[in-house]
Amino acid sequence: MEPGYELIRRIAGGGMGEVFVARRTGAGNFEKHVALKLLLPHLADSPDLVKRFHDEARLAARMHHPNIVEIFDVGEADGRPFIAMQWVEGVTVGKLLRDAGTRGESLPLPIIRLLATSLCEALSYAHGLTDGKGRHLRVVHRDVTPGNVLVSGMGAVLLTDFGIARVRDGSMTEPGVLRGKAAYLAPEQVLHDAPVDARADIYAAALTLYEALTGIQPYRRESMKDALDAVIKGGVQDVRALREDVSPRMAAALSKALSRTPGDRFETAKQFREAFVDGPVATTPELAEFVQKICGDVSKQVFDAAEAGPGATRSVITVTPTHLNLPAAEVATPPATKRRAGLISALVVVVALISGAGAWWGSHSRPVTVELPQPPAVVVDEPVDEEAPRPEPEVAVVEPEPVQKKTRAPSRRKAAVVAPAAMRVGYVTADAAPWAEVLLDGKLLDRTPFVRYPLPVGKHTLVFKGPNGVTQKRAVSVTEGAVTAVRVDFK
Numbered sequence: 001m002e003p004g005y006e007l008i009r010r011i012a013g014g015g016m017g018e019v020f021v022a023r024r025t026g027a028g029n030f031e032k033h034v035a036l037k038l039l040l041p042h043l044a045d046s047p048d049l050v051k052r053f054h055d056e057a058r059l060a061a062r063m064h065h066p067n068i069v070e071i072f073d074v075g076e077a078d079g080r081p082f083i084a085m086q087w088v089e090g091v092t093v094g095k096l097l098r099d100a101g102t103r104g105e106s107l108p109l110p111i112i113r114l115l116a117t118s119l120c121e122a123l124s125y126a127h128g129l130t131d132g133k134g135r136h137l138r139v140v141h142r143d144v145t146p147g148n149v150l151v152s153g154m155g156a157v158l159l160t161d162f163g164i165a166r167v168r169d170g171s172m173t174e175p176g177v178l179r180g181k182a183a184y185l186a187p188e189q190v191l192h193d194a195p196v197d198a199r200a201d202i203y204a205a206a207l208t209l210y211e212a213l214t215g216i217q218p219y220r221r222e223s224m225k226d227a228l229d230a231v232i233k234g235g236v237q238d239v240r241a242l243r244e245d246v247s248p249r250m251a252a253a254l255s256k257a258l259s260r261t262p263g264d265r266f267e268t269a270k271q272f273r274e275a276f277v278d279g280p281v282a283t284t285p286e287l288a289e290f291v292q293k294i295c296g297d298v299s300k301q302v303f304d305a306a307e308a309g310p311g312a313t314r315s316v317i318t319v320t321p322t323h324l325n326l327p328a329a330e331v332a333t334p335p336a337t338k339r340r341a342g343l344i345s346a347l348v349v350v351v352a353l354i355s356g357a358g359a360w361w362g363s364h365s366r367p368v369t370v371e372l373p374q375p376p377a378v379v380v381d382e383p384v385d386e387e388a389p390r391p392e393p394e395v396a397v398v399e400p401e402p403v404q405k406k407t408r409a410p411s412r413r414k415a416a417v418v419a420p421a422a423m424r425v426g427y428v429t430a431d432a433a434p435w436a437e438v439l440l441d442g443k444l445l446d447r448t449p450f451v452r453y454p455l456p457v458g459k460h461t462l463v464f465k466g467p468n469g470v471t472q473k474r475a476v477s478v479t480e481g482a483v484t485a486v487r488v489d490f491k
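Going letter by letter, the sequence shown gives residues 1 to 491 in UniProt numbering.
Keep in mind that the hints are not guaranteed to be accurate.
[What the hints assert, rightly or not] Restricting the straight-line Cα-Cα distance to at most 30 Å, the calculated cross-link-like pairs of lysine-lysine (DSS-like) are:
1. 133 - 270
2. 51 - 443
3. 225 - 459
The set of hints was computed from the structure by calculation and includes no laboratory data.
Let's have the full structure, built from the sequences with the hints guiding it.
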């Protein structure tokens, strides 16, 4: 049998990629279920976007840790780059918090201590990652949020979405671009007044745990601008005023980790964990039992929907391997852990897959100085309710101009290496109250809010489809390199 992937159901899509429930097939009736991310067909001719896609895989593939979602396979399928990732059956911490809030329940402290332990161990591992020469890569996740922490039906806790991570071997940030969710950004990520390092992740982890304790995200606002202003001003209410069973030690650890100045925070995730975890830690079976109590049986929810839900038409794609030069020697050995994370457990890792923002990877031949980007020239409105079930805003879609279009070689053969002309693009940021699907030329782009969505230079008509099917049209003129902000109100 020719190795390939059977696409069971399309489960998500963004401007750069689309995600499928897929079954890996091979010789001897081998099969394995994965979450498969494919680069959109019209982007496969862009060397820059293909590089971003591969960079995301290259960074994630270096990581082997029970609390980090794993990459299984990278290659090319029918002419399109793909990433096959661990299928995680479960829920995000964000969903767990929403469902608990709906039931009027709080997460018990032992459960929160387990979340903190697992999250900090994942960050400690990522922050300590080294290359083949033993140099620290100084990885910074930059998007630690409840939506990027997964809890499996077996009680495993896994960090996902290293798609916008930053490493030392090259500049990971585009000038003028804020990456990550506004309400979870550390002040230095907004102001660019200090290096963004591991302490920014510790800050975001502390915000995630503060939300797990209280059900409140202190910097969530109606717009991105307001959220960024709140982050810059700082000031988080003492957690003990919102939850009486929090110990002074735990509250002090949160307060230190949430310090506005990086130098006042913990230096490492390990230090934060040791200060924060002040009592009994739940076991993974206890967490699994709590997830089932709050969210129901998650063990087959996603897969059953994939097998029987809408759009379950099957197709098979053939595979051409892609070599990303990932020798095992370049992967740091994960620290010892007292628990085995149930890697067979599984929410489809959609968050990382549809973000589409690659971890730009530089040369491995020499250290490269990372220059801090300039502050964003444009601040656009963006609701920051991370918990809303919608695609991530960090997506990109670029359609080649007709004169630049190329014919791709057959799927079983490598295409000739021809550098296409650079695409002239600008950016659109869209928002709607309460929400809307945004279509261009009859095709769904994304669901609001989204930020800096690349579109070809020129005039476009965006169709906003709001609740109850009501539509509004907006004409936009996209200028190269500029951001055009559009907002529609359906209220």
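Cross-check of the supplied hints:
no. : hint      : verdict
1   : 133 - 270 : holds, 24 Å
2   : 51 - 443  : holds, 25 Å
3   : 225 - 459 : holds, 26 Å
Consistency with the previously given hints is maintained throughout, with no hint failing.
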